Each structure stands twice: as C-alpha cells, then as structure tokens.
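Asks: Chains as they are written, first to last, in this note's numbering: chain A, 97 to 264; chain B, 344 to 608.
Since the hints were made in silico from the structure, they are not lab data.
The structure presented is a predicted model; accordingly, all values stated were derived computationally and were not measured.
Mixed in with the good hints, there may be bad ones.
Derived DSSO-like pairs (lysine-lysine); straight-line CA-CA distance at most 30 Å [as the list claims (entries may be wrong)]: (1) A:Lys-157 with B:Lys-515; (2) A:Lys-132 with B:Lys-561; (3) A:Lys-157 with A:Lys-132; (4) B:Lys-515 with A:Lys-132; (5) A:Lys-157 with B:Lys-359; (6) B:Lys-442 with B:Lys-501; (7) A:Lys-132 with B:Lys-359; (8) A:Lys-159 with B:Lys-380; (9) A:Lys-157 with B:Lys-463; (10) B:Lys-561 with B:Lys-515; (11) A:Lys-199 with B:Lys-463.
Among chain B residues calculated to face chain A with C-beta under 10 Å, some are [claimed, not checked]: (12) Lys-359; (13) Val-366; (14) Leu-372; (15) Ser-382; (16) Lys-473; (17) Val-477.
Okay, the calculated bits of chain B under chain A, using three or more residues with CB under 8 Å as the criterion [said to hold, decoys possible]: (18) 577-583; (19) 588-598.
We treat Cβ as the ideally placed atom computed from N, Cα and C, and that holds for glycine.
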Amino acid sequence: MAIQRGRNKYATPKSAGLIITSLIDFFSIVVIYLMKSYSAEGSILTNADNLVLPNSVAITKPKEIFLQVAATNDMVLVDNVPVVPTDDVRRIPQDVPDPIVAKLEEKLNASYAQEQQMVKLGALNKIQGNVIIQMDKNIEFDVLFKLMNTCGKVGYNNMNFAVMEREQ
Amino acid sequence: MVEEGGGGHDLSIDLKPFINFLVVLIPVLMLSAEFAKISIINLKLPEGRGSSPSIRQTKAPEQDDSDKLLLTMIVTDSVVTLGAKGGFLPSLFYREFHKYVSREDRSVEVTVEFDPSNPKKQIKNPKTGKPFLVTERQEILLFVTDENHNIINCLYTKGGDMLTDGAGNPLKTAAKVGDTVFILTNPRRQVIVTDPSTYTLRPLSAYDEMKNRLMKIKQRYADVPDGNDIILAAENQVAYDKIVQLMDVARAAEFPNIAISKLRS
Numbered sequence: 097m098a099i100q101r102g103r104n105k106y107a108t109p110k111s112a113g114l115i116i117t118s119l120i121d122f123f124s125i126v127v128i129y130l131m132k133s134y135s136a137e138g139s140i141l142t143n144a145d146n147l148v149l150p151n152s153v154a155i156t157k158p159k160e161i162f163l164q165v166a167a168t169n170d171m172v173l174v175d176n177v178p179v180v181p182t183d184d185v186r187r188i189p190q191d192v193p194d195p196i197v198a199k200l201e202e203k204l205n206a207s208y209a210q211e212q213q214m215v216k217l218g219a220l221n222k223i224q225g226n227v228i229i230q231m232d233k234n235i236e237f238d239v240l241f242k243l244m245n246t247c248g249k250v251g252y253n254n255m256n257f258a259v260m261e262r263e264q
Numbered sequence: 344m345v346e347e348g349g350g351g352h353d354l355s356i357d358l359k360p361f362i363n364f365l366v367v368l369i370p371v372l373m374l375s376a377e378f379a380k381i382s383i384i385n386l387k388l389p390e391g392r393g394s395s396p397s398i399r400q401t402k403a404p405e406q407d408d409s410d411k412l413l414l415t416m417i418v419t420d421s422v423v424t425l426g427a428k429g430g431f432l433p434s435l436f437y438r439e440f441h442k443y444v445s446r447e448d449r450s451v452e453v454t455v456e457f458d459p460s461n462p463k464k465q466i467k468n469p470k471t472g473k474p475f476l477v478t479e480r481q482e483i484l485l486f487v488t489d490e491n492h493n494i495i496n497c498l499y500t501k502g503g504d505m506l507t508d509g510a511g512n513p514l515k516t517a518a519k520v521g522d523t524v525f526i527l528t529n530p531r532r533q534v535i536v537t538d539p540s541t542y543t544l545r546p547l548s549a550y551d552e553m554k555n556r557l558m559k560i561k562q563r564y565a566d567v568p569d570g571n572d573i574i575l576a577a578e579n580q581v582a583y584d585k586i587v588q589l590m591d592v593a594r595a596a597e598f599p600n601i602a603i604s605k606l607r608s
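Only chain B is shown next, with the shape it has when bound in the complex (with noise of 0.2 Å):
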C-alpha cells in the first residue's frame, strides 16, 4: 500500500527486478520459438519399387509372395476402395467438398461442393465477387454417400471423433441412454452413452470410416507378413493433400510402411 504523503513506507514487493528480468526472457524465447512445425513422412522406398537405379549390382532374391496380403487402396475422384489379393472390398462413393477462406478477410469461409467432371469452375468470393485463388483452399472434405449420392450421416463426438458399433459399423442413428458405443480412436475405446446429446449426427467423413475399415483389417490379418505395408494408388487429378490426409489415416490404423503407386486408366 503505498501511504499518502511523502516519507511513508512501501509495504509492497519490489517487482523491478521481476520485471527486468521478464523482459530479458522474452525476447530470447521469441528468438527461439517455432510457430509453424514443419515436419516430414518418411516414404523408404525399397530399391527397385518405384525407382529403377541404373546400376544393380544383385539381383534381388526370388521372394514367396503368397502369403502377403499386398493391401492397397485406391483413390479415384469418386471413390476410395480398398483391394487386396483376394478381392476388393466395397467401394466408399464420396461426394467431395472444398473449404474455402479468403486471405483478406479471414471470417470469409465458403463450403462448395466440388464437381470432378468440371474442375477449373470458379467459386466467387461472397464479399468482393472475384473468384477464390486455389491457395485460399483450406481444406478439402470427402462425405461418404449411398448408391443414391445422399450423404451418409454419423455419430460424432464434441472431439470430432466417429463411433461405431460393437461390430464396427459407423452408428447412423442417434443413440439412446445405455447403449454401448465405440469411439474411433486406436485403439477404439468402448463407452457407454449416459448423455446422448453429447454426440452429435454429421455428415460422415470417407478419411473416417476408411480408418475404420484400415483397423478392422489390420486386426483381423495381424500375423500375414506385410501387415504394415500398404500401397496407396491413386489417379492422376487426385490432389496432393488428399494423399497426404490419407497416408496419415493408414498411420493411423498401423500401417506405417506406405509405397506410393499410380492408377493407369
């Protein structure tokens, strides 16, 4: 408290030397902090696969590849699908959606769908009328959709994660006190819903229920000996970010080990 008129005592901490030193931290903090993390995903490819070195001093060994499984998903403009050695499971239709947020006003968020079959059509900014850049694209969003191209509804937690049933199917109904959910984590965690409205119905993300189809895999076929590998083949207008998001669900449920392949037409 500092007293009223001159000659009184200060009863307060001396934050003077708080103060220097707070300031002489923060500059040195600031040259030293990282606001935006690069970081990388390592794809080794084996010699051979993918590259053809000009020299090969060995032949490769013959290798058995009858008890592999050679998993490998497909990405087309409308589908993703999941093959493997003995068959293809059902596709997943998708229908694809773009975020957009301009540059200049970033409170500016548009969501058009996005037509594979006429890519170059411009989405007009609302506020200045002129067209969105490519690089104001946020996000690109895949629903899943019936044969009907209706979009299929989930349940989602608050976190933005999907849950399933006990057989790992995605939940298409609102759930009632009492029932027994799985949320789609890795690994999946079971719960017991008390609080319905804490899940919510939302269009259902293909990155999504393709985890869980990629986990159900892994799990089931856990002893072949390429379980970790997946090869990732897609068409050639498919854009980079959509690879990138679905290397990162094949990590996701396991399967770290990621060739890169391309689907002729």
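Isolated chain A, as found in the complex (with noise of 0.2 Å):
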C-alpha cells in the first residue's frame, strides 16, 4: 500500500491538457479534402448496380433528368426498371439492317407517348428525346448498336452516354 500511494504521488498530473494541434492539422486536411470533391448540383445520374462505367475524360454533367436505358451484362433497364434479359438481346440476328429490340420499344413509346402528352397539356415547348445510355465496360457493341437502334427508332435521337469521370 505505501509503495503504491508513493506512486500515485509522482505520477497523477496536477493540470491534463489535450494535445489538440495534430488534431486540428489532420481536420484541416479533411476539410480540403471534401472542399475539392464539394458539388452545389449533387449528382442527378447513379449508375444502377452490378453496372462498371467505362472512364473517359468527358466533363459534361446531365443537366436535367432524362430518361435512362442501362444495359448490365443480365438484364436491360429503363428508369432503373429490368424490361429485357441482355442475352435475348444479344439472340436477335446481327445481320438484320435494322435490329429493334421489342420489349424495350414498347417501353420508349409509353414514356415518348406520356412526352407527347406533356407537349400537349404544355408542360413541354417540343419533345426533346433526350435519353441517356449507361452501358456496362464489358457489352459488346452488338447491344449497344440494337438499343441506339431502337431508341432510334422511337424517337430519342439525342443520346448521352454515361461515362465515369477519370481522376485527373
């Protein structure tokens, strides 16, 4: 007992200050950190799951919301929507001039029928046939060419590709 109280004597600080600049260093980095990533827009395009985005060094942002087609290497989908197996995709033959691919044309005619309607009522100046095209890295250009294709052909000629942005 007397050996330890001895101890404590010596070894309890009488004032415990916190050692707050490396904490305040190590904020500071974090604070430039996030600056540099900051957006005021927030992004309005999230790539869909078990998607890889090819990197390109395109800056453009979307503006506003178009509407999506995305292919994975499973399924095809409209607004995030699965309309198609990619495989049945890839079964229609490649040599036909004009491929269209039926399910997904019945689903652009909906929402280019609904633009049509929001034209009407006024909501719209002119149907603008803007879409946008998130397509896996890895799909052959096969896909890609029959869904332009048919996107094509109902209406939407204004295609953007989804692309990650490379770090530069």
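Assembly of the complex is requested from the two constituent chains, each provided in isolation within its own frame, with the hints serving as guidance.
Replies: Next up, the structure:
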C-alpha cells in the first residue's frame, strides 16, 4: 500500500491538457479534401447496380433528368425497371439491317407517348428525345447498336452515354 | 505553455471554438461531396441518320456531299483504320491486353494478352485460383504491332504522353541531348531534349497513335465542311469500353461530332 501511494503521488499530473494541434491538422486536411470534391448540384445521375461504367475524359454534366436506359451484363433496364434480359438482345440476329428490341420499344413508346402528352398540355415546349444510355463497359458493341437503333426508331435521337469521370 | 501547478496562466490560443466549427463543417461537406463523378458524352444524331422516325413531315434537302471528307474510324478486333472518301490510311494492327484487378484484393493485378479467336478463355486469379469475373477487367490496352506481330515501342514522357518527331511519326529510339521532339498534346508541344532519362520506351498504344493521326488529318483538312465530324464504325464484338476510349481520342483531336455506325461483315 505504501509503495502504491508513493507512486500515485508522482504519476498523477495536476492538469491534463489535451494536445489539440495534431487533431486540428487532421481536420484541416479533411476539410480541404472534402472541399475539393464538393459539388453544389449534387449528382442527378446514379449508376445502376452491378454496372461498371467506362472511364472517360468527358466532363459534361447532365443538366436535367432524362430517360435512362441501362444495360448490365444480364438485364436491360429502363429507369431502373428491368425490361429484357441482355441475352435476349444478343440473340437478335446481327445481320438484320434494322434490329429492334421489341420489349424495349414497347416501353420506350409508352414514355414517348407520355412526353407527347406533356407537350399537348403545355408542360414542355417540344419533344426533346433525350435519353441517357448507361452501359457496362464490358458489353459488346452489338448490344449497344441494337439499343441505340431501338431508341432512335422510337424518336429518342439525342443520346447521351454515361461515363465515369477519369481522375486527373 | 501549460504551467505546472494550478492557478497559472494558460497562454496558448483557445482552439475549442475552431474545433467546434470544424466538427460542424466536416459533416456538411461530406453530405455534399461527390466521390464518383459521372458525366455524359453527348451524341446528337441528326434525325434520319442512325434513326428512322416513323412520320417524316418534310423531306431533307439534297445536300452536296462532293467536298465532304467523310472521315471514318473503323474498329475490328485486331485493326484500327482511318478511312475517308479518298481511300484508307495504312491500318494500325494491334494486340490486345486485358488488365484484371481482383475485387477482394486490389493488389492482385494480372495483365494478359487477349486472344480474339478464343474470347471465352478464362483468366485465373493467381491468389485464389478461381477465374476472374468479366467485371474485374479494369482496362483494355491496345498495343500497335508491325506486320510480324511484334509490338512497336515508342518514347513516352513520365506523364504518359507520346513523343513524335517533327513529321508526326512516333519516336521509336531513345532521344539524345539536343534533339527536338514533340509531345502529343493538343496542340503539340515542342521540346528540346535536355535529359533523355525523363523519357522511357514503352509499347505504343493504339489510342495514342490514333490521336496522332487524327490530329494530322485535322491540321491538313481544316477547311472541309464536315471538319468536325467523324464516323466510328465498329464490329459486333468490339467491347463498349474501346468505343468510349476511341470517342475520347476523337474528341481530343477535335472531332466532336461523333456518329456511330456498324461494320457489316
């Protein structure tokens, strides 16, 4: 007992000051890093699940919300609703001059009709025909061509490819 | 300095309000931070080209196509070629390498040559022994080869920019002090070599050589009416990633109006 009491007498400091400098250094770095990745607009576009977008140097940001057609390795989705398996798209003969994905066309026609309705009501000036195509980077061109052809056929002529911005 | 013994004056700055401020600021910034940035590439297809709207009210006026260049980039699984109305440039033969990075362990990296005749071949992960998933393919590298299927080397800067000589040909041998080289940025940057060790010989990427050729064409045919247009014609099995990279190349060489077409066998 006596020994312990003696040790306590020397070990206990009278005032415990927190060393704050290093904490502030750390916080400052975090704040600078976060400020670099700050975006006022937020992201309109979110990428669909199990989809790896290709990297690109493009820096154009989407301004509005457009119709989204996404193609993953197993499904083609319109506005995140599965429409047709990608394998079905692959099975469409490649040498047809005008390949159409029937189920996708149906779905796109419905949203095109909606857009036409909005023009009639005066909510839109004219039909813009904007569509954002999100494709997995490992999908072959054949699928892309069929999807683009279908979009174009319905009237969605203004196509945008979603890509991941490359880090500089 | 905190003085020993209670009752002494503490002369250091009071950092508590600053810390409070930072603690509030960090969550606010974190909420609005954007870590994966998604952007878009716009392809504004003219109506009637690449699409066929069911009702066409007016007939497109007949255009005089005689002085158009009609530049076309053709991509197959072993060749990239540029063609225009007058003919074709010599083809760029390439060998394709795929870089895989394991999802579980980012340090496991494998780069293997892709065999177009056997596209379903599985690449084994050296650590687990299981084949890599197609989603683990990080990058597709295209290296230019000569007629004998040997990879051509070219000088690159440390930053990864290709070097060319005054005529725009890739530099295939090491540079000497005093040589004049051009760095492939847009526009080209002229540099006189002072330290040859800053440039290294690396396999020539087909993307870089394509950019080089496109920039030459842009310079030569600056005043054709379709000077900003390029048609990208791809074969069925070409991966989407390659198309996006080639679109990047075309836009870097100032051909922003890209049309996509299909190469029929």
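Asks: Against each hint, give a clear statement of whether it holds in the structure.
Replies: Structure-based check of all given hints:
no.	hint	result
1	A:Lys-157 with B:Lys-515	39 Å, violated
2	A:Lys-132 with B:Lys-561	36 Å, violated
3	A:Lys-157 with A:Lys-132	17 Å, holds
4	B:Lys-515 with A:Lys-132	40 Å, violated
5	A:Lys-157 with B:Lys-359	40 Å, violated
6	B:Lys-442 with B:Lys-501	20 Å, holds
7	A:Lys-132 with B:Lys-359	25 Å, holds
8	A:Lys-159 with B:Lys-380	14 Å, holds
9	A:Lys-157 with B:Lys-463	36 Å, violated
10	B:Lys-561 with B:Lys-515	24 Å, holds
11	A:Lys-199 with B:Lys-463	28 Å, holds
12	Lys-359	8 Å, holds
13	Val-366	8 Å, holds
14	Leu-372	4 Å, holds
15	Ser-382	5 Å, holds
16	Lys-473	18 Å, violated
17	Val-477	5 Å, holds
18	577-583	holds (count 7)
19	588-598	holds (count 5)
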